[in-house]
Amino acid sequence: MGNQLSFEGDVKFDRPVSPSGPEDEDILSDLTSFLPLVEYVGPTAERRITGFRADEDAYAKHWDGPFAQIELFMSRHQVTPTSTLEWSGDDGEPDDNQGTVVFDPYGHHHLVTVNDGRERGGAEQHLRNACGCYPDIQPDSEPDTAPTPQAKPEVDGPVGPVKPVDLGQGTEYAADCDVHGRIVLTADEQLARAVRAEHAARHHS
1 MGNQLSFEGD
11 VKFDRPVSPS
21 GPEDEDILSD
31 LTSFLPLVEY
41 VGPTAERRIT
51 GFRADEDAYA
61 KHWDGPFAQI
71 ELFMSRHQVT
81 PTSTLEWSGD
91 DGEPDDNQGT
101 VVFDPYGHHH
111 LVTVNDGRER
121 GGAEQHLRNA
131 CGCYPDIQPD
141 SEPDTAPTPQ
151 AKPEVDGPVG
161 PVKPVDLGQG
171 TEYAADCDVH
181 GRIVLTADEQ
191 LARAVRAEHA
201 ARHHS
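With our numbering, letter number 103 in the sequence shown gets 103, and the count goes up by one each step, no holes.
Among these hints, one or two may not hold up.
To be verified - Here are the in silico distance ranges between beta carbons for each label pair:
no., residue 1, residue 2, range
1, Thr-84, Val-165, 19 to 27 Å
2, Asp-64, Asp-188, 22 to 30 Å
3, Gly-170, Tyr-59, 24 to 32 Å
4, Pro-43, Gly-157, 38 to 46 Å
5, Leu-35, Asp-64, 14 to 22 Å
6, Asn-115, Pro-43, 16 to 24 Å
7, Tyr-40, Asp-188, 26 to 34 Å
8, Glu-25, Glu-189, 25 to 33 Å
9, Pro-43, Thr-84, 27 to 35 Å
Bear in mind the hints are in silico, worked out from the structure with no lab data behind them.
Positions of the beta carbon are idealized from the N, C-alpha and C atoms, including for glycine.
Construct the entire structure; sequences and hints are all you get.
Structure follows, in structure tokens:
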């Protein structure tokens, strides 16, 4: 892989989402390497985000930050991504220095090289195998739904516990982070705990 990477293509969501609160706006404003895909609907021209497009002029060494922001945004809104992103580096063997970007069931991105796709059965096989991209948080097998959190204290540094929230039309479950703000709000308590555990492992372990 080259010292610097460039990306081309889109990450599309399975449904459009409306930005909610300053945390989402901070994520969108911080994404200088990816541009939000926006649609405006209804008489009030409500802004909704349908995904992100790589800025074709962006060419940098460190992409973990932008992808972490995209993953956080997707986690907050519980969307499933479809990626047409392709990446390339600036040196090395061509087939090891370019490829595609895929997302696992946790919403984490994986850079799959051309050789990886050709010799190991492609991107789907990369995800099914123990790829080692996220050894601390991925199980040996792909989950059918949301990941089951490991048994651990419900406080991980800046990540607070899952708490019930009464919104007047039923109880939902939320977890907040002192650094990233609200990371999940859902009626599914198990899903809320899974997202919270994944966020703590991904960003604060």
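#### Entry: Index of numbered hints that the structure contradicts, given in increasing order
Failing hints, ascending: 1, 3 and 6.
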